[in-house]
Amino acid sequence: AILSGDPRPAYQKDNRIYGFRFAKKEIKFSVSDNELTVLGIDDE
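Going by our numbering, the first residue of the sequence shown is number 65, and it counts up by one from there.
Don't take each hint at face value.
[What the hints assert, rightly or not] So the derived label-pair ranges between C-beta atoms look like this:
1. 90 / 70: 15 to 21 Å
2. 104 / 70: 15 to 21 Å
3. 107 / 67: 15 to 21 Å
4. 69 / 90: 15 to 21 Å
5. 78 / 107: 24 to 30 Å
6. 105 / 80: 16 to 22 Å
7. 68 / 104: 15 to 21 Å
8. 107 / 81: 16 to 22 Å
[What the hints assert, rightly or not] Derived pair list, reagent style DMTMM-like, types lysine to aspartate or glutamate, alpha-carbon separation capped at 25 Å:
9. 92 / 107
10. 92 / 70
11. 89 / 108
12. 89 / 70
13. 88 / 107
14. 92 / 78
15. 89 / 106
16. 89 / 107
17. 89 / 99
18. 88 / 106
19. 92 / 106
20. 89 / 78
21. 92 / 108
22. 88 / 108
23. 88 / 70
Just so you know, the hints here were simulated from the structure itself, not pulled from any lab data. Since the structure is predicted, the reported quantities are computational estimates derived from the model, not experimental observations. The beta carbon of each residue, even a glycine, is placed where N, CA and C say it ideally should be.
Build out the structure end to end from the sequences listed, making use of the hints.
What follows is the structure in structure tokens.
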């Protein structure tokens with residue numbers, strides 16, 4: 065549900081790698097052509 069809302073900052077709509085913390089995990093992802101790809105899920 066969190067990723068489906070495109071958690072990138074509104075001013076950042078490029079192909080860089082983003083990350084955020086959720087449930088004691090660090091989630092890393094990228095978005096390209098409206099397709100979100102999870103790149104990693106690591107323990108904090």
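Here's how the hints hold up against the structure:
no.	hint	verdict
1	90 / 70: 15 to 21 Å	18 Å, holds
2	104 / 70: 15 to 21 Å	18 Å, holds
3	107 / 67: 15 to 21 Å	19 Å, holds
4	69 / 90: 15 to 21 Å	18 Å, holds
5	78 / 107: 24 to 30 Å	28 Å, holds
6	105 / 80: 16 to 22 Å	18 Å, holds
7	68 / 104: 15 to 21 Å	18 Å, holds
8	107 / 81: 16 to 22 Å	18 Å, holds
9	92 / 107	12 Å, holds
10	92 / 70	12 Å, holds
11	89 / 108	5 Å, holds
12	89 / 70	18 Å, holds
13	88 / 107	6 Å, holds
14	92 / 78	15 Å, holds
15	89 / 106	5 Å, holds
16	89 / 107	5 Å, holds
17	89 / 99	22 Å, holds
18	88 / 106	9 Å, holds
19	92 / 106	8 Å, holds
20	89 / 78	23 Å, holds
21	92 / 108	12 Å, holds
22	88 / 108	6 Å, holds
23	88 / 70	20 Å, holds
Of the numbered hints given earlier, the model fails none.
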